[in-house]
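Start from the sequences, fold in the hints, and give me the full structure.
Residues in the sequence shown are numbered from 4 upward in steps of one, following this note's numbering.
Don't read these hints as lab results, they were simulated from the structure. Check each hint, because a few of them may be wrong.
As the list claims (entries may be wrong) - Straight-line alpha carbon distances no greater than 30 Å define the calculated DSS-like cross-link-like pairs of lysine-lysine that follow:
1) Lys195 <-> Lys57
2) Lys35 <-> Lys138
3) Lys134 <-> Lys6
4) Lys84 <-> Lys111
5) Lys111 <-> Lys162
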Amino acid sequence: MPKLGSFDLRHGLVLAPILDVTTSPFRKLCFKYGADMAFEPMVWTNYILMATQKFLDSVVTRPEEHPLGFQLITTRPEQVKPALDVLESLPYDLYDLNVGCPSRNVTKLGAGGALLGNLPLLEEIVAEMAKHAVKPFSLKIRVGLSTSDALLPVLQLAKDHGADFVTIHARTVSQGYGGTADWSLIHLAKNKFPDIPIVGNGDVRSPENARDLLDTFSCEGVMIGRTAMKNPRIFQSCAAFLEQKSLPSIAHREIFTDFLEFLQDTLADQKVRPFDLRAVRGTLQNFCSGFPLARRLRMEINNLTSTEELRAFATRMLDESDPIEINSPRPG
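Spelled out as structure tokens, the structure:
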């Protein structure tokens with residue numbers, strides 16, 4: 004059983020935090036199918052402190068979501084303690100610092116991945132987390148801005164300040180989500196810092212990929228993001244593979260059953276978190292990846308303009324889907 008800091012995880016399978024995607028209903032599905040840990044996607048410390056009641060009113064979690072982390076993003080060390088004080092009353096099990104977001108809207112503010120180019124500021128922020136977090140804390144990083152030069156210094160920083168674990172997305176910030184994740188850098192990290200639990204991230208598209216990161220690269224955990232967006236049952240496939248069981252077949256109609264559950268939970272949350280039709284429509288489009296005629300389905304979904312139409316579409320597909328099965332999500 005993998006041990007990630009103070010957390011004993013059955014298989015070490017972690018859902019990545021993805022803004023506007025890994026909401027509570029989506030996380031619930033992923034836990035249902037075998038995810039061992041998930042995170043609330045990045046929230047700015049400034050927002051937590053300047054709009055505290057609005058922030059608190061927007062928080063939605065479910066009993067099925069544990070352990071559940073909360074990911075902070077900031078450039079302000081002095082905001083870390085008061086933000087953590089606000090979070091302390093909420094049902095999160097750990098805190099994570101975003102040191103990897105490649106979005107230009109984030110990096111131009113000096114946050115996320117940009118912190119890899121400002122290690123003195125990063126150390127100030129991490130020191131504040133270490134000093135004031137009463138729950139475990141972690142860092143989610145990339146390997147550097149345009150090269151991997153920041154990787155080892157950041158791991159040393161994490162070790163010096165007692166981070167419970169570090170998630171390494173094995174790309175540079177400048178790569179965005181293009182190119183290939185360089186897992187050899189994860190191997191380097193484990194060799195240089197064997198005492199730091201590492202979660203490997205980047206290009207985890209199959210159960211075999213998960214096994215390789217856990218076994219060959221000696222990671223304590225594997226974080227899955229974009230593949231899970233298309234099919235939360237990837238966690239079920241990974242768990243079965245790691246237990247040397249037969250991979251579960253996934254009938255197309257089961258995907259639409261998942262979506263209807265997701266839609267019902269999302270609608271139930273809209274009193275505290277406004278319903279985002281575009282985001283929910285995007286989730287349904289993601290779920291259709293790998294289907295025959297997926298492009299046509301995505302175009303049809305793009306024309307749906309209400310929750311009633313979303314529900315009707317999924318119900319129709321549930322009734323009409325043939326029993327074709329898929330064993331793992333396919334890119335695209």
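How the hints compare with the structure:
1. Proximity of Lys195 to Lys57 is assessed by CA-CA distance (about 43 Å); at most 30 Å being required, the pair is judged violated.
2. The hinted pair formed by Lys35 and Lys138 meets the criterion: a straight-line CA distance of about 25 Å does not exceed 30 Å.
3. As the CA atoms of Lys134 and Lys6 are separated by approximately 23 Å, the hinted pair is consistent with the 30 Å bound.
4. Taking the CA atoms of Lys84 and Lys111, the gap is near 24 Å; set against the 30 Å cutoff, the hint holds.
5. The straight-line distance between the Cα atoms of Lys111 and Lys162 is roughly 27 Å, inside the 30 Å bound, and the hint therefore holds.
In the structure shown, a violation is registered for the earlier hint numbered 1 alone.
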